[in-house]
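Chemist: Listed below are the residues making up each chain.
2 protein chains.
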Amino acid sequence: MSERVTIEKKVLSENDKLATQIRAQLKARQIVALNFVSSPGSGKTSLLECTLGALNQELQIGLIAGDVQTENDANRLLRAGGKMVRPIVTGGACHLDARMISRVLPELELDKIDLLFVENVGNLVCPSSYDLGEDMKVVLISTTEGDDKPLKYPGMFRRSSVMVINKIDLLGSSDFDMDRVKENARRINAGLKVFELSCRTGQGLDAWFGWIRSLAHTKKQRSKE
Amino acid sequence: MSERVTIEKKVLSENDKLATQIRAQLKARQIVALNFVSSPGSGKTSLLECTLGALNQELQIGLIAGDVQTENDANRLLRAGGKMVRPIVTGGACHLDARMISRVLPELELDKIDLLFVENVGNLVCPSSYDLGEDMKVVLISTTEGDDKPLKYPGMFRRSSVMVINKIDLLGSSDFDMDRVKENARRINAGLKVFELSCRTGQGLDAWFGWIRSLAHTKKQRSKE
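Quick mapping for you: the protein sequence lines, in order, are chains A and B. According to our numbering, the residues represented by the first sequence are 7 to 231, in order. According to our numbering, the residues represented by the second sequence are 7 to 231, in order.
One thing to keep in mind: the hints can contain errors.
Listed next, the in silico PhoX-like pairs over lysine-lysine satisfying Cα-Cα at most 20 Å (straight line) [claimed, not checked]:
hint, chain 1, residue 1, chain 2, residue 2
1, B, K15, A, K16
2, A, K15, B, K15
3, A, K15, B, K118
Non-contacting residues of chain B with respect to chain A, defined by C-beta distances greater than 10 Å in every case (computed) [to be verified]:
hint, residue
4, I28
5, K118
6, L130
7, D141
8, S167
9, D183
10, N195
11, L211
12, F215
13, I218
Quick caveat, the hints were computed from the structure, so don't treat them as lab data. Computed from a prediction, not measured in an experiment: that's the story for all the values here. Every residue gets a Cβ at the ideal spot worked out from N, C-alpha and C, and that includes glycine.
In isolation and in its complexed conformation, chain A is listed as follows (with noise of 0.2 Å):
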């Protein structure tokens, strides 16, 4: 199998090379980016959806949506009010790589944007080996899943700086403990940052706006000094 490990540094080499160019672009017009990652179905299109919502009519929000099939994503995030949306379908692959990244960059007017939102392939694992330029990664966990999951995915929670535990409505409905999850998540990463809330009823949703709106501030504000 060395042969196989030694192609997949390869790869994993090319993709860093490339997620560096994507990542001093985005920089030299400071844009921030985040990469959203995690199990498919914890909700990070729901997020986005009403991040999108709220947010649309002060900044604006460049999408890159990813998907193993189907543009489902990327239309609810046109649906939703983004302007500039684009989906990528790797049609089997199981992660997003710098290269779909950089193939799709052209088609957003960057010069306009002040945040750029890439949603991942549903996957705990494999989105983790792979930079797409972004400044951070934010993992989204859901209520409705094992508390224990930073501890069986912990290659996902050490890579990520943010942590959003979603679905805080159905708390209760199963045996997920907020303050385990937590430990369990900062036993892997000690830094990262958290939030809770829920896209449904709203719940603690203010302080994420309140995040996002800070990371596009740094922003606007630099480009006045």
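Since chain A is already given, all that's left is putting chain B on it; use the hints.
Modeler: Just chain B, lined up with the frame of chain A:
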């Protein structure tokens, strides 16, 4: 990238050879093997726990529980009364493969087993490509995920024989539509057998247990003939 594709094909063909050997080994002992696949958090371990709880006295069930990291799931299955449980920690790999199965199989007393359940890594993409020598793949989806999952992850639903819709006690807490998920699944795989259940409330479990019994029953009947 063609070099990578060639290597992938080689890995898959080696996997298929091993899977064929495993299948022959199980068939010789009339053991029916199920490969449980789903997103992280759909409830594979919960379903196996309650199945063990209900059928442990009448059937000998061997279990192989795969996880990227931790033996949490294997430990839960042991606590649920599993007598023959073996963990596989993939250490980063996003799926089980036939080589991993063939390494732990000798640790199970195959002559005493009626059924073999393999709990795959939580991932709706990669495990679909790896035959483990099972008779059937059982894909789980829970009502807290999107009902378009079969369209977005068609490979898994196409290669599965059974779809378990779990957490039906939470129906109504989201936009998940039972008819739509079945319609979506059958567009991908018209022959899919469907169970609707809740491990939490017990709803629908009798039909599931009955089907599991019928798989083992077939074996016991045959051995009398």
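Chemist: Against which earlier hints does the structure fall short, listed by number upward?
Modeler: 3 and 6
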